[in-house]
Structure formats: C-alpha cells, structure tokens
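Top to bottom, those sequences are chains C and V.
Residue 55 in the working numbering is what sits at position 55 of the first sequence, and the numbering runs on without skipping anything.
Residue 257 in the working numbering is what sits at position 257 of the second sequence, and the numbering runs on without skipping anything.
For the record, the hints were derived by calculation from the structure and aren't laboratory data.
Mixed in with the good hints, there may be bad ones.
As the list claims (entries may be wrong) - Computed footprint of chain V on chain C; a stretch qualifies when at least three of its residues, placed anywhere within it, have a C-beta under 8 Å from a C-beta of chain V: (1) 61-71; (2) 120-127; (3) 208-221; (4) 233-240.
To be verified - From the structure, some residues in chain C lie toward chain V, with a derived Cβ separation under 10 Å: (5) Met1; (6) Ser4; (7) Asp286.
As the list claims (entries may be wrong) - FRET-style restraints, in silico, Cβ to Cβ: (8) C:Arg275 / V:Ala43: 35 to 43 Å; (9) C:Gln293 / V:Gln217: 50 to 58 Å; (10) C:Arg271 / V:Glu20: 17 to 25 Å; (11) C:Asp102 / V:Asp212: 35 to 43 Å; (12) V:Asp212 / C:Lys112: 44 to 52 Å; (13) C:Leu103 / V:Glu304: 35 to 43 Å; (14) C:Tyr176 / V:Asp212: 19 to 27 Å; (15) V:Tyr176 / C:Glu183: 19 to 27 Å.
For each residue, glycine too, the CB sits at the ideal point set by N, CA and C.
Number of protein chains: 2
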Amino acid sequence: MAPSSTFTTRLSEAARVVEEALAALLTDKTAPGEIARPPRLMAAMRHAALGGGKRLRPFLVIEAARLLGAEGQGPLRAGCAVELLHCYSLVHDDLPSMDDDDLRRGRPTVHKAYDEATAILVGDALQTLAFEVLADPATDPDPAIRADLVLGLARASGLGGMVGGQLLDLSAEGRYGRAELGEADVRLLQAMKTGAILTFSVEAGAILGKADAGTRQSLVAYGRALGAAFQVADDILDREASAEALGKRTGKDQEKGKATLVDLLGMEGARRECRRLVEEAEASLDSFGPRAQILREAVRFVVERQV
Amino acid sequence: MAPSSTFTTRLSEAARVVEEALAALLTDKTAPGEIARPPRLMAAMRHAALGGGKRLRPFLVIEAARLLGAEGQGPLRAGCAVELLHCYSLVHDDLPSMDDDDLRRGRPTVHKAYDEATAILVGDALQTLAFEVLADPATDPDPAIRADLVLGLARASGLGGMVGGQLLDLSAEGRYGRAELGEADVRLLQAMKTGAILTFSVEAGAILGKADAGTRQSLVAYGRALGAAFQVADDILDREASAEALGKRTGKDQEKGKATLVDLLGMEGARRECRRLVEEAEASLDSFGPRAQILREAVRFVVERQV
C-alpha cells in the first residue's frame with residue numbers, strides 16, 4: 001500500500017525542519033557556557049549529522065507528540081537530540097576497529113573524510129550535544145519533562161541499551177570467543193542495538209505530550225513493535241538488496257558469519273514475523289482511533305523502505 | 001605547607017565513598033529501563049573507572065556542596081557523574097589514534113587490557129551513564145536541579161569544552177597543519193580540555209547547595225583559578241617528574257613538540273603563575289570565611305600533588 005500524501009508530506013517536512021535545526025546547533029558560533037568551538041571539529045560534526053537520512057527518529061518524536069497535542073520547539077529539539085545520538089552511534093560504529101566502513105549514505109565516513117581521532121571526538125561531542133539539547137530550557141519550560149527526557153535517552157542509549165547492543169553485535173561475530181546465537185539472543189541484541197532508541201523516540205513524544213501512564217505505555221508498546229519490525233525488515237533487506245541501491249556494502253552479516261532472524265526463521269518466516277510485528281504495532285494504537293493514522297503508516301513505511 | 005589532617009581525612013573519605021558508589025553503579029545487574037548488561041562491557045567499564053585516582057573532581061563537588069550545607073546522596077551521585085565523565089575522557093584519550101598510551105595509573109589502558117572496539121564502547125557508555133546518574137531522581141528530588149546539572153556537565157564536556165579542547169590538543173601536535181601556539185592559545189586549550197570539568201565540579205556543588213547567583217559566581221571563579229593552577233602544575237610536573245614516579249610516560253608534550261606554559265613562560269615564570277592562580281582561587285573564597293578552609297587547602301593540594 002502506497003503511503004498517503006499526508007504521510008509523505010509530513011515526513012519530508014519533518015526532515016526539512018530537523019535539517020535546519022541541526023545546522024543551527026552545529027554552527028561555529030559558540031553557545032552560552034562554551035569557551036570556543038574548534039572549526040575542524042564543527043565541520044566534521046556537520047559532515048556526520050547534516051545532509052542525509054530520512055530522519056525517521058525525529059519524525060517519530062514529532063508525530064507521537066502531535067498525537068497528544070504537543071507541537072513546536074519541544075518535539076523538534078527532542079527529535080534533534082535523538083538524531084544527534086543516532087549519528088554519534090553511526091560515526092563510532094563505522095570506525096576501523098568496529099564495523100570498518102568507508103561509506104555511509106554514499107559519502108565517505110567521518111574517519112575517511114577526516115581521521116580516526118577526529119571521528120572519535122565527533123561521536124563523543126554529538127552524544128554530549130544530544131543531552132545538552134534535551135536539558136536546555138528551550139526544549140520545555142518544565143524541568144521535570146527535560147530531566148525525564150534525559151533519563152530516557154540515557155537508558156536507551158547506554159550500557160543497557162544501544163551501546164550494550166553494539167558490544168553484543170561485535171561478540172556475535174565471534175571476536176570474543178565462539179558465538180552461536182539463538183533466536184532469543186538475536187532478538188535481545190536487536191532490541192538493544194536499534195530497538196531501544198526507536199522506542200524512546202516514540203516515548204519522548206509521549207513525555208512532551210504529558211501522556212498519562214496508560215497512554216505512554218501504549219505508545220511504548222507501539223515503539224517496541226516498530227523497532228523490532230524495523231530490524232527484521234533490515235535483515236531481509238540486507239540479504240536481498242544490491243550494493244548500488246543502498247550506497248553501503250550489503251550481505252555484510254553473512255560475510256561475518258553473524259546470525260540474523262532470516263537465518264533462524266528462513267526468508268518466509270522472517271517476512272511473516274515482520275507482518276506480525278506491523279499488526280502488533282498497529283494494535284497498540286487502537287485506543288487513539290483515526291488520529292493515529294500517521295503512526296500506523298509509519299510502521300508500514302519502516303518495513304517497506306527501499307533505501 | 002602540609003595539608004591539615006581534616007583535609008586528608010575528608011579527601012580519603014570522599015575517595016572511599018565514591019569508589020563504593022561507582023562499584024554499585026557498574027554491577028552486572030540491570031537497572032530499571034535497561035534490557036541487559038553485557039558482562040564483558042561491564043568488566044571493561046569497571047577496569048576503567050574503579051580502583052584508582054584521588055577522585056579530586058568528586059571531592060570538589062562534595063566539598064563545595066558541603067560549604068553550602070548540602071550533603072548525602074546528591075553530592076555523592078553528582079561527584080560520581082563527573083568522575084565517570086572524566087574516566088570516559090581518559091579511556092578515549094588513551095586510544096591508539098589519540099595519545100596512544102599503554103599505561104594509566106600503572107595498569108594497562110582499556111584498549112590494551114581488552115581491545116580497541118571495547119575501549120571505544122566503554123568510553124561511550126561511561127559518558128551516557130554520567131548523564132543518566134545526574135538525571136535520576138535519586139540525585140535530587142528537584143528536577144530543576146537535575147536538569148541544571150545535566151546542562152552544566154554537557155556544556156563543560158562537549159564541543160565547546162573538554163572534547164573541543166582535546167581536538168585543539170591534537171592540533172597542537174601539528175597533526176592538522178602547522179601549529180604554533182602562543183600563550184593565549186595554550187590557556188584556551190587548557191581551560192577547555194581540563195579546566196571546564198574542574199570548574200563544573202565546583203559549580204555542581206553550588207547547584208546542589210541552591211546557591212544564589214553571587215555565591216555560585218564566586219565558586220565558579222574559584223573553580224576556574226583552580227583548574228588553571230592544576231594545568232600549570234601539570235605542565236611543570238610533566239617537565240620534572242620521572243616516569244617511575246608517575247606510572248605513565250612523561251616529557252610527552254616535549255616529545256610531540258607541543259607548547260606548554262613552561263615553554264612560554266619559562267620554569268620560573270610558570271611557578272610564579274601557579275602561585276598567582278592559587279592566590280586568585282583563595283581570594284574567590286573570601287566571602288565564605290573560615291568555613292571554606294577545605295577548598296583553600298584543595299587548591300594548594302592540587303598544585304603540590306606528587307602523584
């Protein structure tokens with residue numbers, strides 16, 4: 001099913017305002033409380049964070065907040081924070097000692113365009129900036145909301161979330177001893193590495209929209225199912241797509257002997273699992289009725305994306 | 001002048017409770033909101049953060065807070081956050097593409113004891129945990145204080161602070177083209193790389209102690225002078241000390257052709273500057289009278305430390 005024109009308009013509008021806001025955050029001009037901004041670092045940070053991507057995570061923040069009546073600077077800034085965090089993880093994951101990638105979205109990775117030390121610092125500074133953006137009063141006048149956002153992003157991205165998942169992913173290559181992953185291990189790894197931040201993106205919208213506990217829980221359930229669907233779809237895509245279409249190397253998981261859900265469930269089983277997760281995500285939105293149409297389309301978009 | 005017994009008792013007591021609190025934060029047991037903690041990552045994080053150091057930064061948080069009547073979990077947790085941030089910066093600075101150090105406090109650095117990928121992830125996760133600790137309600141029931149702490153740490157440690165300073169430090173080696181630093185450049189670099197976090201440590205105590213604007217400003221001025229004194233003393237030490245006494249390579253700045261204040265002011269000039277900064281730090285505490293005796297001793301301790 002093709003996405004509605006409302007959906008595609010909202011998605012590209014979110015990408016546009018996020019790009020603009022990120023560019024404003026990453027200028028050479030110092031912000032209050034800063035001593036100076038080294039131009040080389042700023043240029044490399046812009047290389048890492050600007051000019052690319054669908055901005056899916058900010059889109060989820062913005063649309064989940066909108067569903068609850070919250071719009072404007074808050075969701076935009078929280079969306080930028082999640083995107084900065086996501087970009088930091090890409091820069092560090094691409095490093096020679098990690099996944100060793102030369103290309104990202106068809107452009108040289110940061111350590112290729114600059115150097116390894118700069119790339120490490122770029123990732124470090126993007127992470128810090130994500131938390132700075134969330135804690136800044138410009139994001140929300142209510143400090144309880146800002147502290148809640150910081151705590152949620154930290155839990156989703158740290159040792160018990162994204163970074164822990166990346167360590168498990170490296171272990172899955174057999175770097176740290178023999179590794180044979182079962183279905184439960186692969187699901188855990190994916191929930192940590194990519195799922196936690198996607199789930200938090202939706203939860204951030206709930207926090208900004210001052211959702212009650214039940215509403216927040218429904219949105220978190222939606223985010224979890226969407227995150228899992230995203231990763232199964234990614235495994236399927238990795239197996240199928242051509243290097244040209246993706247602008248990055250593919251079949252990499254196979255190359256490294258890493259088990260994916262496609263190995264464990266078979267291609268048909270993975271497709272079935274993907275459809276099941278889409279339905280689960282949609283069902284989590286039932287209580288919102290037709291107002292949640294954009295989020296329903298989002299999960300379908302996530303599994304059907306070709307780039 | 002030898003430090004008072006009150007001072008040495010307080011310093012070692014702070015180190016003890018901080019060590020204990022850090023160990024509790026870095027267990028293998030998952031915290032609320034986390035999916036799982038990979039044991040290898042946790043062991044490497046403990047290697048990076050436990051069992052060493054004077055814990056100067058937490059000590060400053062704790063003593064600045066105590067001066068304003070704040071004690072207990074708040075200053076302890078904020079002190080742990082600053083120490084986690086400091087440890088992350090050491091792990092990343094030691095990496096082969098950065099300062100390429102094999103030893104830290106006489107023990108193998110994280111990338112030597114584990115591997116480079118793990119060391120990058122350890123630094124990443126230590127940074128995240130620092131922000132998580134600050135944003136957690138256990139640090140202070142008032143979310144405005146928690147958000148203020150997060151914002152302050154982010155500004156001190158990000159692109160306009162510590163990480164920016166590390167980039168300038170790498171540039172000072174001539175990596176990114178010819179670099180001839182004057183006195184102003186060296187002072188800027190040091191204020192960013194090490195000064196900002198030391199200053200924030202003192203400011204965190206002011207935030208937790210609910211200081212009024214003038215009191216907070218006095219403590220920030222104290223922290224700035226202390227941070228600058230720390231760095232001049234470090235430059236002097238680097239030139240003088242033997243490798244055995246320090247447990248790390250010394251004379252490194254000279255080796256890499258990096259200008260320090262000792263080069264620019266001469267040894268005697270650097271010693272004079274150090275004394276001037278100590279007096280400036282002490283003068284910033286005048287309004288507190290004898291109650292600030294521990295902080296006065298702290299700045300003298302910082303310039304006289306032999307390890």
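Consistency of the hints with the structure:
no. : hint                            : result
1   : 61-71                           : violated (count 0)
2   : 120-127                         : holds (count 6)
3   : 208-221                         : violated (count 0)
4   : 233-240                         : violated (count 0)
5   : Met1                            : violated, 32 Å
6   : Ser4                            : violated, 34 Å
7   : Asp286                          : violated, 25 Å
8   : C:Arg275 / V:Ala43: 35 to 43 Å  : holds, 40 Å
9   : C:Gln293 / V:Gln217: 50 to 58 Å : holds, 52 Å
10  : C:Arg271 / V:Glu20: 17 to 25 Å  : violated, 51 Å
11  : C:Asp102 / V:Asp212: 35 to 43 Å : violated, 54 Å
12  : V:Asp212 / C:Lys112: 44 to 52 Å : holds, 51 Å
13  : C:Leu103 / V:Glu304: 35 to 43 Å : violated, 52 Å
14  : C:Tyr176 / V:Asp212: 19 to 27 Å : violated, 52 Å
15  : V:Tyr176 / C:Glu183: 19 to 27 Å : violated, 48 Å
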